[in-house]
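Chemist: Whenever a hint applies, use it, and build me the whole structure from the sequences.
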Amino acid sequence: MSCALLLLLMSLALAMGTGAAVEIQRPRGVPLSSEQFYEENKPFTCLDGSSTIPFDRVNDDYCDCRDGSDEPGTAACPNGSFHCTNAGFRPTFIPSSRINDGICDCCDTTDEYNSGATCQNTCREMGRKERESLQIMAEITKEGFLLKQQLIHEAKRGQEDKQGKLTELQGSKKGLEEKVEALRTVKETAEDPEKEAKERHLKAWEELIRMEKDKTRMAEAFLELDDDADGYVSVAELQSHLELDPDSDGSLSETETQGLLGGADKVDTSTFETVWSGIKDKYLQSLICDPECISICRNLEKEIGFDFGPSAEFAYLYSQCYELSTSEYIYRLCPFNRVSQKPKFGGSETNLGLWGQWAGPEDNLYSVMKYDHGQGCWQGPNRSTTVKLTCGKETVVTSTSEPSRCEYLMEFTTPAVCQEPASLDEVLHGHTEL
Amino acid sequence: MGPLLVLWLAGCLSGTWAVDRGNFKTCDQSAFCKRQRALKPGQSPYRALLETLELTNTKLTLQLINDNNKVRLLLELYRLQGNMTRVKINELKPLKPRFEVPDVLINDPPTEPLSLLSRDENGVVLSLGADSQRLIVSAKPFRLDIMEGREVLLSLNSRGLLAFEHLRIRKDTCQEVMSLSLSHSKVDPEGTENKEETEAANEPAEGEEEAKEDEKVEDGMWEETFKSHTDSKPNGPSSISLDFSLPGVENVYGIPEHADSLKLKATDGGDPYRLFNLDVFQYEVFNPMALYGAIPVMLSHSAQRTMGIFWLNAAETWVDISSNTAGKTVFGQMLDYVQGSSETPQTDVRWISESGIIDVFIMLGPTPTDVFSQYASLTGTQAFPPLSALAYHQCRWNYNDQEDVAAVDQGFDDHDIPYDFIWLDIEHTDGKRYFTWDPHKFPQPKDMLQGLLDKRRKMVTIVDPHIKVDSSYKIHNEIRSKGFYVKSKDGGDYEGWCWPGNSGYPDFTNPEMRAWWASMFAYDQYEGSMENMYTWNDMNEPSVFNGPEVTMHKDALHGNWENRDLHNLYGLYVQRATAEGLIERSGGVERPFVLARAFFAGSQRYGAVWTGDNAAEWEHLKISIPMCLSLGLVGVSFCGADVGGFFKSPSTELLVRWYQTGAYQPFFRAHAHLDTPRREPWLFGPENTALIREAVRQRYALLPYWYQLFYHAHHSGQPVMRPLWVEYPQDTATFSMDDQFLLGRDLLVHPVTEEGARGVTAYLPGKGEVWFDVHTFQKHNGAQNLYIPVTISSIPVFQRGGSIISRKARVRRSSSCMEHDPYTLFVALSPKRFAQGELYIDDGHTFNFDKQKQFIHRRFSFANNALSSRNLAPGSQFTTFSWVEKIVILGASKPSKATLKTPDGKESQLEFEFDASMSVLTLRKPGVNAGLDWTVVLQ
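First to last, the sequence lines map onto chains W and U. Heads up: the first sequence begins at 1 in the UniProt record's numbering, then just goes up one per residue. Heads up: the second sequence begins at 1 in the UniProt record's numbering, then just goes up one per residue.
To be clear, the hints were calculated from the coordinates, so they are not data collected in a lab. Be aware that one or more of the hints could be misleading.
What the hints assert, rightly or not - In silico SDA-like links for lysine to any residue, alpha-carbon gap of 20 Å or less:
{"no.": "1", "chain 1": "U", "residue 1": "Lys-441", "chain 2": "W", "residue 2": "Glu-411"}
{"no.": "2", "chain 1": "W", "residue 1": "Lys-344", "chain 2": "U", "residue 2": "Lys-441"}
{"no.": "3", "chain 1": "U", "residue 1": "Lys-441", "chain 2": "W", "residue 2": "Ser-327"}
{"no.": "4", "chain 1": "U", "residue 1": "Lys-648", "chain 2": "W", "residue 2": "Gly-278"}
{"no.": "5", "chain 1": "W", "residue 1": "Lys-388", "chain 2": "U", "residue 2": "Glu-403"}
{"no.": "6", "chain 1": "U", "residue 1": "Lys-441", "chain 2": "W", "residue 2": "Thr-400"}
{"no.": "7", "chain 1": "U", "residue 1": "Lys-441", "chain 2": "W", "residue 2": "Ser-401"}
{"no.": "8", "chain 1": "U", "residue 1": "Lys-886", "chain 2": "W", "residue 2": "Ile-53"}
{"no.": "9", "chain 1": "W", "residue 1": "Lys-213", "chain 2": "W", "residue 2": "Gly-278"}
{"no.": "10", "chain 1": "W", "residue 1": "Lys-388", "chain 2": "U", "residue 2": "Arg-678"}
{"no.": "11", "chain 1": "W", "residue 1": "Lys-388", "chain 2": "U", "residue 2": "Pro-677"}
{"no.": "12", "chain 1": "U", "residue 1": "Lys-648", "chain 2": "W", "residue 2": "Ser-384"}
{"no.": "13", "chain 1": "U", "residue 1": "Lys-886", "chain 2": "W", "residue 2": "Tyr-62"}
{"no.": "14", "chain 1": "U", "residue 1": "Lys-441", "chain 2": "W", "residue 2": "Ser-325"}
{"no.": "15", "chain 1": "W", "residue 1": "Lys-370", "chain 2": "U", "residue 2": "Pro-677"}
{"no.": "16", "chain 1": "U", "residue 1": "Lys-886", "chain 2": "W", "residue 2": "Gln-159"}
{"no.": "17", "chain 1": "U", "residue 1": "Lys-441", "chain 2": "W", "residue 2": "Tyr-331"}
{"no.": "18", "chain 1": "U", "residue 1": "Lys-886", "chain 2": "W", "residue 2": "Asp-56"}
{"no.": "19", "chain 1": "U", "residue 1": "Lys-441", "chain 2": "W", "residue 2": "Glu-402"}
{"no.": "20", "chain 1": "W", "residue 1": "Lys-388", "chain 2": "U", "residue 2": "Leu-683"}
{"no.": "21", "chain 1": "W", "residue 1": "Lys-344", "chain 2": "U", "residue 2": "Pro-439"}
The structure presented is a predicted model; accordingly, all values stated were derived computationally and were not measured.
Modeler: See the structure below:
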């Protein structure tokens, strides 16, 4: 860092040292890079080549060139532009209509040389502030990027895990089917035995299938219920499964849930076997609507199917929710799922949009999320939310607004969008081109 | 909030995109209109009692008697200075005073003596002074005719529709009861029966049967119910009516505000044009329904003469128009002409008002300019706005908070689009309590205003005239404790629903109330306000969401008068009190800027108006032209329509076309409804941003011309935006044009208002004249329909050959930033190589131009190959930094040299360029100060 600052100071000194000399040599408002075109005492040819004029007509407050190039330092040309050196900060071009308009635009005050406006040279201050904020940003980016690497790593593992589970599930499903098939073969070959034997055999065979199926279902159920995949099904995890509510009163209390888990706060697979019979009926019933497809597989497939970014760095946001409380509302962003708004002081929740797609610009697709098809607005469109992602160490919603009726804007920081930091030297140099 | 929303939804918003006509009365549903309209033309029952004639230096008075009911009226005739006649008719002895409109005339109009030319038992003939103009009063039946030579210019009561419902004691309940015990004798049960009725009873007149007939009680005389609202009418019937016939006239204009064509239509078979200030939700175009404002002034025009009728009455008014040529096709008219059987074209007009008196000013022209001057001499001229108010205004319901304001402000700079004003609608307040700020969204209003000031920009905040009934709200408490609220018929404070919920309505007709209101704009009263903050009065009809026709009950009381009597005047008073507040807060130094939605005759003195809540539809873009033209004809030059359309969302093409049109209309403000997507100019892709930028830049470059036109409007009452016939009064082709207009005399604008247009046909008037396309400098002959191919960037505008227009070519981010910039003069030569123009300069924002004569007014003339600038106002003094940077002469030939001469005797040669293909001569950098004398001689 000290090295970087030193470099910067040196370049500043260079700029200031040569500044005065440069000012004399080139006409007002001309950047160093165009100096060569403005040679004193030689006729000036408009940069677009449209005409050639005596040099004393450069910056004489009358527009002679169609491209405005003869008046870089006055407001005479409607399409001209003025170069502020802004030593200590970043050089810039401003439209020449801002020269002497009474408003300080260049931090070095050079745009207001004849308007009576009292401008302070703020370049150093601005430069300092910018460097500070760049530095802070750089640190954030650096740390954020490290976090991102971690996220990518975890996501990769998680992904493999899930893929594994899915394969396993699909495998066991397949295995079961094979077993059934095998038993069917057994059954078919045992077609001949006498009736009694046949019946007994059939019973056993059916019992075997039933048990096998039950076991598989239990395993599937465990995976499904174990939301955080920590190998335990907890009360909290179970509570979201309203379909298991014993008294069907629409809410699943903690006590009820504990009851379902045999009084425990959480159960592992083996304990789960013991409580399974109590959950089974209701649980399986909830699956009946789609008996052919196993919903766990479905969810897993769905999750694996999401576009979590080039390196799945956004995967960690899945099934999480982030809230921001404003004076009136609590906003809730559940990435890849939905955005909602709930009045703080009573009232129902409003759906501000369901996960739509990544919507950043082509070169930065993963910087914006779009949620749409939210609750309809009166005489208006369905609510939608644009979520802008910026690099940060924390994963938080930093602001929400409704710039247009029913179109919400949310700012969200996450390490997942942090780019590999350029070295600080590069950052600073990029902004102090002299 | 909840109940309000429900009410709002139910009461105002029908959920469709069209006006709910059922919310507003037709003539049939308005009892007095129905009664009056049932009266058909015929012999008037009124007779002039010539023996009562009195002639003084200032007026003639004469009694009229209705032979049916023997009620007498008093007629007063005045000959006013400037070729006007005033006709006033009131009851001779009304039961109680009838309302006479105050505060609209700027003074008691100075009179000139009438002289009696002849008199016999049939009537009298009076001289109206010059031009052999006479006023003939016929006795039986009573009628008035104004003649010039042998020509009748205008007749009053020639169709016998003078009708004056005299005030009376209610009889339908009282007398029926009494007659049982008092047999047939006509004894007044209260002992207060007026003298005329007694006379009528005593006189065994032939018309006694009719007299009884006339007294018959009809529905709606003493009470009227519309939807769920009952109007209690304690004064009973009081309406008035009078007909005017205009021989030789086929075109009448004015009586805004209606979303209709410039040329008024015959109303036979439909409803009359209605004048009653109403908050009409989602109004439709091309119909005579009442809108937000009312100016009871009609202009008549023919190739021979322009006249005006100013019906000074602030009650609900209906205007019927019929014409003997209206229904005829062009072919039919030609047939009449060929066969020589044509009756003279004639337009008949009938005015009907619910209460008050007949007080009508007949402006005899004869030219359009004369009529404008005449009307201005009665009601005053357009307030001269701060220069920046003529620039571009960015509005939206709503800019959400300070950050939003800062971001939009920055957006204009980022996209290099100039603007001067950003507006805050109702959401900026603390719970719709005007004069306050939402503490969360606008915690530091002064910081925000300072931020705008630093960029030499300004803000407008909304202050509506409905006041939240809330005992913790200072404004409400003061108004209540001072007794300044309008009262309901029962005497309590009148309350109605509006944006804040339950609201009171200050009585702006009360001068003490207005003075107090004005004092609320002082910087120490209106917290967070600063000198670059101005005001918008919306909803000043007034709008009452749960009132009859979304407005105030007619039996609500303003002091002793009912809202019925002065309804249309309320909005004017609101804007007036606000404008006075803005003047006072600056110690009388600064010119105010106040925009209002409701208006009346005279409102032009207080600021700008706009055409209310239009919609993002092509039809609404088109109608903005005749709507503002109509207003301009009757004094209100500072008019505009919401650019883009308020309701709904415009297509990009419509938005661009609207900017292009709005850039050439007087009040140039974009506005949008809360529920529409954002539409700041840069949200539609770089190409459209560039198109909008170009339109706005054209406006800014032309600001010197706009300012000069407004100075003229302020000075002489001439409209800024004019129908073509105003300048070409004999060109019949111009009489019913709705799609193009003039700015001043010298610019003709034909904006593109058709979707997907590939070309427009503009009419260039003036035989022997030429017009120059202001963009290409292409010259076109006058008196032709010119087809112009257009692209999305085209704004067809033409400069009249013979004119000189000043522009500032250096467009900056706000008009204030351009103050000291140099001028470019565009000299468009007439075929006789002549041109003339003006330039007006002052400080742009104070009254010093008026109080201290601090201004520059120059006359530019081009003749004999020399262009000169001379002083038009030798008594004035002002110095400007601005100079003349360029002179562009259109239709020129190539000189051998151009010499600039200044008064100090110095001569210098100007360099020039000559474009032979377009005959354009450009003189390089004269460099003279714009306030000085100079001459450029071409050789």
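Chemist: Which of the stated hints cannot be reconciled with the structure, identified by number in ascending sequence?
Modeler: Checked against the structure, the hints that fail are numbers 4 and 16, while the rest are satisfied.
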